[in-house]
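Novice: Make the complex out of the two chains shown on their own, each in a separate frame, by following the hints.
These protein sequence lines are chains A and B, in that order. For the record, in the first sequence the residue sitting at position 287 is 287 according to UniProt numbering, with numbers rising by one throughout. For the record, in the second sequence the residue sitting at position 291 is 291 according to UniProt numbering, with numbers rising by one throughout.
Simulated from the structure, these hints should not be mistaken for lab results. Backbone N, C-alpha and C define an ideal beta-carbon position, used for all residues, glycine too. What you were told as hints is all true, and nothing was included just to trick you.
If you want the footprint, here are the derived chain A segments under chain B, 3+ residues with CB under 8 Å: (1) 209–222; (2) 226–235.
Below, simulated DMTMM-like cross-link-like pairs (lysine to aspartate or glutamate); rule was C-alpha separation at most 25 Å, straight line: (3) A:363 <-> A:152; (4) A:363 <-> A:167; (5) A:287 <-> B:151; (6) A:316 <-> A:152; (7) A:363 <-> A:320; (8) A:99 <-> A:81; (9) A:356 <-> A:320; (10) A:322 <-> A:354; (11) B:12 <-> B:200; (12) A:203 <-> A:213; (13) A:180 <-> A:266; (14) A:226 <-> B:297; (15) A:226 <-> A:55; (16) A:180 <-> A:213; (17) A:226 <-> B:293; (18) A:93 <-> A:55; (19) A:287 <-> B:152; (20) A:343 <-> B:151; (21) A:180 <-> A:167; (22) A:48 <-> A:152; (23) A:226 <-> B:151; (24) A:287 <-> A:175; (25) A:203 <-> B:293; (26) A:343 <-> B:152; (27) A:363 <-> A:117; (28) B:12 <-> B:185; (29) A:287 <-> A:167; (30) A:343 <-> A:167; (31) A:343 <-> A:354; (32) A:337 <-> B:151; (33) A:226 <-> B:152; (34) A:207 <-> B:293; (35) A:99 <-> A:144.
Computed Cβ-Cβ distance ranges for the label pairs, DEER-style: (36) A:367 <-> B:37: 39 to 49 Å; (37) B:294 <-> A:164: 18 to 28 Å; (38) B:94 <-> A:60: 33 to 43 Å; (39) B:36 <-> A:241: 16 to 26 Å; (40) A:126 <-> B:295: 34 to 44 Å.
Here are the chains, one letter per residue:
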Amino acid sequence: MSFIKKYIEQQTINRRNLLLLSAYGLGGLAASASFRPHFARAAVQNPKIAWSYRDRTNPYWNSIVSGGEAFVESLGLPKSDLLNLINGGSSEKSLADIKALLSRYGSGVALAADPNDMPNCRPVVEAVAGAGAYVSTIWNKTDDLHPWDFGDNYVSHMTWSDVGPSEQTARILIEAMGGKGGLVHLGGIASNNPAIERLQGLKNALKSYPNVELLAEQAADWDTQKANQVMSGFLTRYGDAIKGVHCASDTMAYGVIEALRAEGIENMPVVSYDGNPQAVGLVAQGKILATVFTNPYWGGGVTASLAYYAATGVFKPSKEPKEHREFYGPTVLVTTKDASTFKAKYIDSNPKYDWKDFWGLSKGQIQYRS
Amino acid sequence: MKHGLVMDNIRKWVPFLVLLVLVLFFTAVNPHFLSLRNFARIAVSSSPALMVAVGATFVILMGSIDLSMEGTVAVCAVVFAMLLNRLGGSLAHVGWAAIPGALLAGGVLGAVNGLIHVRLRIPSFMASLSMGFVGVGLSLLMTGGNRILIDDPLFRSLLTVRFMSFPLMAYAALGGLLVAWFIQDRTTIGRNFYAIGGGEELARASGLNVGRVRVIGFILAGIFFALGAILAVARLGIAETETGTGFMFLSITSVVVGGTGLAGGSGGVWNTLVGVLIVNVIGNGMVVVGLPDYLQDGVLGLLVISAVYLSMDRRSLSFAR
Numbered sequence: 001m002s003f004i005k006k007y008i009e010q011q012t013i014n015r016r017n018l019l020l021l022s023a024y025g026l027g028g029l030a031a032s033a034s035f036r037p038h039f040a041r042a043a044v045q046n047p048k049i050a051w052s053y054r055d056r057t058n059p060y061w062n063s064i065v066s067g068g069e070a071f072v073e074s075l076g077l078p079k080s081d082l083l084n085l086i087n088g089g090s091s092e093k094s095l096a097d098i099k100a101l102l103s104r105y106g107s108g109v110a111l112a113a114d115p116n117d118m119p120n121c122r123p124v125v126e127a128v129a130g131a132g133a134y135v136s137t138i139w140n141k142t143d144d145l146h147p148w149d150f151g152d153n154y155v156s157h158m159t160w161s162d163v164g165p166s167e168q169t170a171r172i173l174i175e176a177m178g179g180k181g182g183l184v185h186l187g188g189i190a191s192n193n194p195a196i197e198r199l200q201g202l203k204n205a206l207k208s209y210p211n212v213e214l215l216a217e218q219a220a221d222w223d224t225q226k227a228n229q230v231m232s233g234f235l236t237r238y239g240d241a242i243k244g245v246h247c248a249s250d251t252m253a254y255g256v257i258e259a260l261r262a263e264g265i266e267n268m269p270v271v272s273y274d275g276n277p278q279a280v281g282l283v284a285q286g287k288i289l290a291t292v293f294t295n296p297y298w299g300g301g302v303t304a305s306l307a308y309y310a311a312t313g314v315f316k317p318s319k320e321p322k323e324h325r326e327f328y329g330p331t332v333l334v335t336t337k338d339a340s341t342f343k344a345k346y347i348d349s350n351p352k353y354d355w356k357d358f359w360g361l362s363k364g365q366i367q368y369r370s
Numbered sequence: 001m002k003h004g005l006v007m008d009n010i011r012k013w014v015p016f017l018v019l020l021v022l023v024l025f026f027t028a029v030n031p032h033f034l035s036l037r038n039f040a041r042i043a044v045s046s047s048p049a050l051m052v053a054v055g056a057t058f059v060i061l062m063g064s065i066d067l068s069m070e071g072t073v074a075v076c077a078v079v080f081a082m083l084l085n086r087l088g089g090s091l092a093h094v095g096w097a098a099i100p101g102a103l104l105a106g107g108v109l110g111a112v113n114g115l116i117h118v119r120l121r122i123p124s125f126m127a128s129l130s131m132g133f134v135g136v137g138l139s140l141l142m143t144g145g146n147r148i149l150i151d152d153p154l155f156r157s158l159l160t161v162r163f164m165s166f167p168l169m170a171y172a173a174l175g176g177l178l179v180a181w182f183i184q185d186r187t188t189i190g191r192n193f194y195a196i197g198g199g200e201e202l203a204r205a206s207g208l209n210v211g212r213v214r215v216i217g218f219i220l221a222g223i224f225f226a227l228g229a230i231l232a233v234a235r236l237g238i239a240e241t242e243t244g245t246g247f248m249f250l251s252i253t254s255v256v257v258g259g260t261g262l263a264g265g266s267g268g269v270w271n272t273l274v275g276v277l278i279v280n281v282i283g284n285g286m287v288v289v290g291l292p293d294y295l296q297d298g299v300l301g302l303l304v305i306s307a308v309y310l311s312m313d314r315r316s317l318s319f320a321r
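Same shape as in the complex, but just chain B (with noise of 0.2 Å):
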């Protein structure tokens, strides 16, 4: 068994391996890619994806996947954006509030998400699939498909103000990663996701409120979309529906090519962190090397395709679900 040891632990940092190996590639290509500006917008591109990849980390962890993200992120930028603007238009005032208002949105969100789910004993696929439509239509409904622009120097200074060459969102996407990590390594609740997506019928049988944990993931879940929400307004200075668009493929994908598995009880979010800088180093890449645009989204597919295959531990799935 000792071998199997020595393969898992090479196993643990295979996505990690991956990223080096896309980077010196790429470096490798044009020089231009390794650098301290170039990272820099690599970091703007991937805070808000991370934060939505958290979240949806937290539902995986537990065997359940989350897929609503793409209509929760446009209602909670909505959100933020609409009550930004109805409170005085800066965070300086009272127009703070605006971040906990789209908070508790996403935690709506992700609560009515779970609950579905639960209660009405519907798989989380479907019913946070439907719950993500709903989203769409409902940010539709709230702009009547306009635009929201958000133009408080304050705001915005997450993108325009650096520290150490990076700007504000990194460090409040990399504070967000901090605050998930607690709540997975040192909280009772982080561990009962694992718990249930290592084997649910073993933690029902030990006095787990499983129904309960899972609700209490996807409001996790939503929250952490609501923060993606906000830095992805950040990013743009708009809110729209658009502004969730696309967060569905990058956020599962990331979590998986990390080496978060599907099936549940592995991983977390530090894997995650990983597979999100994976996915966007590619994207840049593809653009910095000059790859042309028809070639680009198949080289994406094929790349993620290796990095799953390179990074998941397929022997312990009977069959790959």
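Extracted from the complex, chain A is given alone in its bound form (with noise of 0.2 Å):
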């Protein structure tokens, strides 16, 4: 058995020079940190810009960082120069590789940020103020958080409606049901804030249709092939009497419109909601009725941005409005009418932004439910 013997004290040997390199090098880390000059705390020349989001799989937030390479571009940089911090999904990755980045670069730091949970973006704002470095953010911020109690170091913050414009695709719809008659809702992941946004759209709209009936409101978890088999036991609890569907997404409506295709019903009313590329083709053809586009594209550049001019000094955060720290990002209706000119403009290509025009696209101040 001695080759055993041999064998682990090799390992034993091999596992105290691993210790032994891994101290070195961390302490060569400290050392090198200590001697790095530091940075003045002074408008910054030439910032590092950096997008900090999930990943770029969905083609949602691959939108959202060909918008922040397109900013760098306009810069006349390379696109490679946008530093992607990508979390996947977990706000501890967030906030530990933002402050790793603000180790690094200091103040020199402009950085657009989806903080990926609501009460993630308190920390990440606290380390990039205190570093002295620019932030914009999107999407997720607790309500009591505000970028004008930071000065200028908490340039803005973007987030969406969704209430109104749910209501105007509810509208589309009911009016293609000739204003009567029962439909039903497949809704988001119940707790979720778009999804309640977007019941509540149709809710509204519903106000103004005595003789439509809202027979049933379904979670179907944002997922098609769920959303498939919601809707076929809703037509067999329903049958005839479903005369519409109101989607919250354009994901569920693809599950919709294929349990009715299994039945052979091709022309009942269908409304969604995200303005994905197979979507807008969809409307194109008439098969969905309406969606609505966030123009992801817009949001990811302008927040970048925001941060970058910021960083720069070419405006000065803490003279601006209200309604300019706090925004509503633009929502596009997509409808039958207009989808084919849409598409050539928004998904066959992307139109060209003036990214100075900060707030040219935004949709008003961002209003709170007490």
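Specialist: Dropping the structure here:
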């Protein structure tokens, strides 16, 4: 059995070497950090531009980052100069990456970020403000956290309100039903904010149509397969009473349309939300009557732009009114009439934006429900 | 011992009785449930799940477990859709080669899965779960997160064309089930699955190459996962990473609810058919009777526990693993 003994000995030595080497490496890191000159806290000439987000496999985030890259290119830099901080859906990683970035570049950072969840926004903003750098956020922020409480360093926050646009799609749906009959709603994950807002939009629209009945609303978790199954259940339960379908997302609408196709039902009015390329194509064909596009490409570009131009001193955030610090992003209703032109303009190519026109597409200051 | 035999015979039919009771219950609450049209809807949602669950049945019969279905289904769906679109977009021409292509992909993934389990001596639970993640990653890599659309009317006829009120995909799944039954009952390899599940040491002592049989079991499972993937694409006309989502819970639950023991050696593909129907009848029935959605997941869990409690003979288990 001597070879086993030898093997164990070797492994012990290896492990010891590994420990020694890693201790050496860590020591070196610490030493180099303490010798590095600290940046002066003033308007920065060439701040590092970074985007912190979930990951690029989702079409939505892919568009966000493409917008960020387009902004970087507008400065005459290669798009590889945009630093990607990918958190993979972890708030801890999001914060750790941002802190690492700040300890490397200090105040010379212009950061655009989705903090992944609402509570994570405060530590991110505090870390950035503490380093004297600049941050603009989207989507996730608690209601008690405001950019104007952090001077210039928390430049802006953008989010999207879905109630109004969802009400518009509902009206288009009900008009297509002839203003009467029953409809069903397939919603997102029950506790999800957009899911709540999109259902609220439908309910607002229903108030002006007394002859339309909301037969049922059910969460299908933004999922195509689940929506397919729920829709076939609805067909058994209500049969011909269903005259229209209101979906809270494009992905669920695909499942609904296939459930209808399986029954040979081709002309049921369906509306959806998100403005994904495939859905816009279906709108052009008339299989979906309307969807809503939130322009993630512009959102990704302008969020990076706000942080960058605040960092370089082109504008002073604290001099701006509140509706320029907290505002709603754009929502574009896509209907069968304009789907083809919309597709040519936004899906097949991206329009050239003036990234210094920060608030041109904004939909007003964020309103909080008390 | 006569009493025991009678009990065994009754227990065999318990899953089927559970299914009948469920159908009667949902019909009592909403008579619309008991209609040919609704059964066709249940058949559509059951067909892909049946193929995946049948694949898992072979592995579970051996006393192993395969949890790689979500990844394997995603990869096979994407391979199928990419091949079909690359080869002209229709099954009518060379596009039919996409079907064997997808089956091959499933078989290869199954073989890798089985070899990792047998050669590296990693428990099948861990090996297959990890391979599932690899598959999800692989399909993401192939699609870049995008969806692939299939619009071939011939392929979609699996969903849109009906024969005796049921869509063609229900018959395709039934055909797959018959093949699986043949493999299970009429081939040496099928009997070997039972031998290993019933007592691996005994099977080994009788000269059976257990490792080889296990790898073949995983390959078979992979091929049936691929069949499930093709039917899943036929159902929605979309192939993407998400295509595999949900199949793990659905198929493992179906196998166990149907009465195939996780310890191996008992049950079979007909049990799995009953299990798949139970799970899908519950899913459809809860929407049809209008159960609030926040209760549905909880009720599904409780119903599954009761179905397993009724259908498994736990006296033979010294300890439930």
